[in-house]
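Please assemble the complex out of the two chains, which come individually in their own frames, going by the hints.
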Amino acid sequence: MAPERADASLAHYCIRQTGRHLLLLVRSPGEIVNPLLFFLLVIILFPLGLGPDPEMLSALAPGIVWVVALLANVMLCMRLFADDFADGSLEQLAMANIPLAVAVLPQLLASWLASGFLLSLVSPLFGLMLGLPLSVAPILMASLLMGTLIMLLLGAVGAALTVGIQRGGMLLSLLILPLYVPVLIVGTRSLTEAVGGGDPAVALALLGAGVTGGLVLSPVAIAAGLRVSLEL
Amino acid sequence: MWRIVHQFGSPPWVYRFCDRVIPWLLPLTVVALLVGSAWGLLFAPTDYKQGDSYRIIYIHVPASVVALAGYYVMASAGLVSLVWRVKLADTAMRAAAPIGAAYTAIALVTGAIWGKPTWGAWWVWDARITSMLILFFLYVGVMALFEAYENKTIAARACAILSLVGTVNIPIIYKSVDWWYSLHQPASIKFTGSSAIDTSMLYPLLGMIVTFYVLFALLMMLNIKQSLTQEYAHSAWLHKRLND
Chain U
1 MAPERADASL AHYCIRQTGR HLLLLVRSPG EIVNPLLFFL LVIILFPLGL
51 GPDPEMLSAL APGIVWVVAL LANVMLCMRL FADDFADGSL EQLAMANIPL
101 AVAVLPQLLA SWLASGFLLS LVSPLFGLML GLPLSVAPIL MASLLMGTLI
151 MLLLGAVGAA LTVGIQRGGM LLSLLILPLY VPVLIVGTRS LTEAVGGGDP
201 AVALALLGAG VTGGLVLSPV AIAAGLRVSL EL
Chain S
1001 MWRIVHQFGS PPWVYRFCDR VIPWLLPLTV VALLVGSAWG LLFAPTDYKQ
1051 GDSYRIIYIH VPASVVALAG YYVMASAGLV SLVWRVKLAD TAMRAAAPIG
1101 AAYTAIALVT GAIWGKPTWG AWWVWDARIT SMLILFFLYV GVMALFEAYE
1151 NKTIAARACA ILSLVGTVNI PIIYKSVDWW YSLHQPASIK FTGSSAIDTS
1201 MLYPLLGMIV TFYVLFALLM MLNIKQSLTQ EYAHSAWLHK RLND
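Just so you know, the protein sequences line up as chains U and S, in that order.
Residues 1 to 232, numbered by our numbering, are exactly what the first sequence covers, in order.
Residues 1001 to 1244, numbered by our numbering, are exactly what the second sequence covers, in order.
Don't read these hints as lab results, they were simulated from the structure.
For glycine and all other residues, C-beta sits at the position ideal for the given N, C-alpha and C.
Honestly, I wouldn't trust all of these hints.
As the list claims (entries may be wrong) - Here are the simulated lysine to any residue pairs, SDA-like style, with alpha carbons at most 25 Å apart:
(1) S:K1175 with U:V216
(2) S:K1087 with U:V220
(3) S:K1087 with S:E1231
(4) S:K1152 with U:A86
(5) S:K1175 with U:G63
(6) S:K1175 with U:A209
(7) S:K1175 with U:V74
(8) S:K1175 with U:V202
(9) S:K1152 with U:M170
(10) S:K1175 with U:A82
(11) S:K1087 with U:R227
(12) S:K1116 with S:V1021
(13) S:K1175 with U:D199
(14) S:K1175 with U:L217
(15) S:K1152 with U:A82
(16) S:K1152 with U:D199
(17) S:K1152 with S:Y1054
(18) S:K1152 with U:V202
(19) S:K1087 with U:I165
(20) S:K1152 with U:L174
(21) S:K1152 with U:L230
(22) S:K1152 with U:G197
What the hints assert, rightly or not - Coverage of chain S stretches by chain U, computed from C-beta distances (three or more under 8 Å per stretch; other residues unrestricted):
(23) 1129-1143
(24) 1164-1176
(25) 1206-1217
To be verified - Residues of chain U placed beyond 12 Å of chain S at every Cβ, according to the derived structure:
(26) A110
(27) G168
(28) S229
Bound conformation, chain S alone (with noise of 0.2 Å):
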């Protein structure tokens, strides 16, 4: 078992790994995302209240779902690089920002599109709005922090420290927010109310669920590869593996 654990520490296996997962996942996310889009978008009843603009929650749960489970992604990469030293997880830390942040930007525009139609403003401050937001921000400022160093391993360290203490500070956050909401406004419209889904509408949500999980991965995969790319370009391995 060990063995395995070790060997997500080298460069060569890591990238002939994503190598070999790359071709399956690829085909395997798109159609899943085709299937799961049209499903979805398509296939699903009509909500009876919402029409169909509720249909956006096919893409806006899932995004926000992944969002936040890639922050987590990224602290432990963190952890294990602080306390390890396992530059791989340097690698898959910085892979997993910019990725996150895209998902929590996707989460936030779709919840505005959705927001317009629905509550008749784009921007609502609600607790878990205004959570996402300040999660996109420790997101930009991981990434901010890791352009901001010369030396890159240096500023794996750093981004790591900020990561952890972010970790630590999501929680509260969340509660904080959650506690401010109840103060501002009562809560005029759940966001939680539909907690009674229709099965017809649940199966393709967690279907797409599955999918934004799956995607993450790929993306995480394409970037670690391309980080490794770029990293060891003058190493024998990575030109013996390219020339093959």
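Pulled out of the complex, with its shape left as it was, chain U reads as follows (with noise of 0.2 Å):
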């Protein structure tokens, strides 16, 4: 490839690869439908388990939408390289001609557009549910956003480093779920200081800068993390 083309490539390159990944998960539409129907069910359960109080449930709603956010995105992660790994695709990639670190990029906004995104869009309802006053709304959409993209830069890490092991599922969840605690603590932080009335400015402006950082560093540690899966 001539080296003046490289630029126009890249940009090419992502825009289509991103397209064949949205492609092939609205053909496959349980990949997107489960993960929501999973956090529909498992938001269900806390009032079952916890008791229909409402004051209680409001109470504890930030805590339940993120750590089930969170489960629904580490139960993504199990399956986000898998099927690339298993059909070669993705040792195409890594000697392509594109720096692995940007060729994973349209993979991961796929699968976040497909998941954290529609989560967002929805969380509202789910936050009603709970007895989350509706105000909230607009933090709990924002802070979902935000760290469900970051879980997702995370998560991939682990994902990549054992996409290769046989049965790496319940590995990969002690991997990841120790880091994802900033995400937890800060998000959650928003939702309470915004239904008691305080600044959710603070806790938001932190999950942006965990994306801006996430962003930088972790495609780096995700490539690494496959050339070691694909033994390269």
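Structure (structure tokens):
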């Protein structure tokens, strides 16, 4: 490939790959719908287990929503690179004329659009079910938008490291759940502040910082992890 | 100077180095542990508020300090292994993980034992305790990831990446947990309240911290030596060394 065409082809590649991954997701709607159903079902379990007292539920709601979003994210990460690893397209990517750290971005973007992004869009509904006031909905959506992206970026590192391991699912959760702690804390903090009449801006700003830092650092770690798994 | 650095990349040299140092370091560590424990547990003055229960800090604080430092030892070895592909760095990284996990466990258990008479509860969701627990899981994660791979060279690279990701995250985790704690309850019992610790208590504590560091180094060497024996079981240099 001629060097002057490299930039154009990189952008071209990213757009086409994002399209490909989205198309794959649309063609198997279960991949998109199942995490949302999981989210809904687990949220239903909490009132059933804790009792229907609205006051208690709304006090617990920020924690519940975030823990469930976190679990849905772990489940997503378990499948993240599995198909591309199995059919060899990941290997092709790693050997292509594009930095692997950039080459994985379309996949991450598509996965996030189909999971975290959708989840944030419908999250006010779940918030209402748990008794969160509607006025908090924008904060809930904003914090989940950023939080799910950070969790996906972190989880993808774990997914990259474990994709070659048989039955690596439990191992993956062991690796990435400790890393999710800050996201969980800051995310719930933004909600509790908003519910309690405080200022959620600090927490949201921290989440934004997490997105920025994650976008810069984690693709490098993901690429390194994939190279390990592909034994390149 | 570079020769010394290069020597640490050579398994026979490191094996010999461990062989030479361990006979000195082992008795030294045992004596230091005995003296330090006796000093802290028997001779240091009793705390006027907590009585004798405070004496557990002579185990608890050194274990916590070295547990955290151990993670950085592991991650540094991981970095060396990733960047320069030094095989011995893999061995060192692998050796550090279980020792660090054990130190973290000691810190958690002694903390719980101390917490019961002092705070009236085995477990309190204090920021530091929680960070320590997460650190424990980070160690266990590295160990589990290493076990999961068949090919141990690949496993070491995977663990190196994971420990480096953890290194970036540890300060963030620590800060965020601190922040979370401040939300949940005011600091009724300050962990760091005893900033004005008396020298009669401080010196045995410092002594124990140094001893725990030395113990960490000793355990690392024993662990590395054991790994090398396993790894190079069929090498001529090891046979020659063992037959001498």
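So, going through the hints one by one against the coordinates:
This hinted pair checks out: K1175 of chain S and V216 of chain U have alpha carbons roughly 21 Å apart, not beyond 25 Å. Between the alpha carbons of K1087 of chain S and V220 of chain U the distance comes to roughly 23 Å, so the proposed pair stays at or under 25 Å and holds. About 11 Å separates the Cα atoms of K1087 of chain S and E1231 of chain S, which keeps this hinted pair within 25 Å; it holds. Of the pairs offered as hints, the one joining K1152 of chain S and A86 of chain U holds, with about 22 Å between alpha carbons and a cut-off of 25 Å not exceeded.
Note on K1175 of chain S and G63 of chain U: the hinted pairing holds, with a Cα-Cα distance of about 19 Å set against a maximum of 25 Å. For the suggested pair K1175 of chain S and A209 of chain U, the alpha carbons sit about 14 Å apart, so the restraint of at most 25 Å is met. The straight-line distance between the Cα atoms of K1175 of chain S and V74 of chain U is roughly 23 Å, inside the 25 Å bound, and the hint therefore holds. In summary, the hint linking K1175 of chain S to V202 of chain U is supported, as the alpha carbons are separated by about 14 Å, within the 25 Å threshold.
Between K1152 of chain S and M170 of chain U the CA atoms are separated by roughly 20 Å; this keeps the pair inside 25 Å, and the hint holds. A hinted pair counts as satisfied when its Cα atoms are at most 25 Å apart, and K1175 of chain S with A82 of chain U does not qualify at roughly 34 Å. For the proposed pair K1087 of chain S and R227 of chain U, the alpha carbon gap of about 18 Å is at most 25 Å, so the pair holds. Distance hint between K1116 of chain S and V1021 of chain S is unfulfilled; the C-alpha atoms sit about 41 Å from each other, more than 25 Å.
A threshold of 25 Å between alpha carbons decides the hint, and for K1175 of chain S with D199 of chain U the separation of about 19 Å falls inside it, so the pair holds. With a C-alpha separation of about 19 Å, the suggested pair K1175 of chain S and L217 of chain U falls inside the 25 Å cut-off, and the hint holds. A C-alpha spacing of about 22 Å is found between K1152 of chain S and A82 of chain U, which places the hinted pair at or below 25 Å, so the restraint holds. Proposed proximity of K1152 of chain S and D199 of chain U is contradicted: the alpha carbons are some 50 Å apart, above 25 Å.
Distance hint between K1152 of chain S and Y1054 of chain S is unfulfilled; the C-alpha atoms sit about 44 Å from each other, more than 25 Å. With a C-alpha separation of about 44 Å, the suggested pairing of K1152 of chain S with V202 of chain U is violated against the 25 Å cut-off. Between K1087 of chain S and I165 of chain U the CA atoms are separated by roughly 22 Å; this keeps the pair inside 25 Å, and the hint holds. Between K1152 of chain S and L174 of chain U the CA atoms are separated by roughly 20 Å; this keeps the pair inside 25 Å, and the hint holds.
This hinted pair checks out: K1152 of chain S and L230 of chain U have alpha carbons roughly 14 Å apart, not beyond 25 Å. Among the hinted pairs, K1152 of chain S with G197 of chain U is inconsistent with the structure: their alpha-carbon atoms are about 53 Å apart, more than 25 Å. Note: the region 1129-1143 of chain S has 5 residues with beta-carbon separation from chain U under 8 Å; the three-residue rule is met and the coverage holds. Restraint check on the region 1164-1176 of chain S versus chain U: 9 residues with Cβ-Cβ distances below 8 Å, three needed, restraint holds.
Given a C-beta distance limit of less than 8 Å, the hint that chain U covers the region 1206-1217 of chain S is violated, as 0 residues qualify and 3 are needed. For A110 of chain U, the requirement that its beta carbon stay farther than 12 Å from each beta carbon of chain S is met, with the minimum near 23 Å. Residue-level check failed: G168 of chain U sits 7 Å from the nearest beta carbon of chain S, not beyond 12 Å. Residue placement check: S229 of chain U does not keep its beta carbon more than 12 Å from all beta carbons of chain S (closest about 8 Å).
Comparing the model with each numbered hint stated earlier shows that hints 10, 12, 16, 17, 18, 22, 25, 27 and 28 do not hold.
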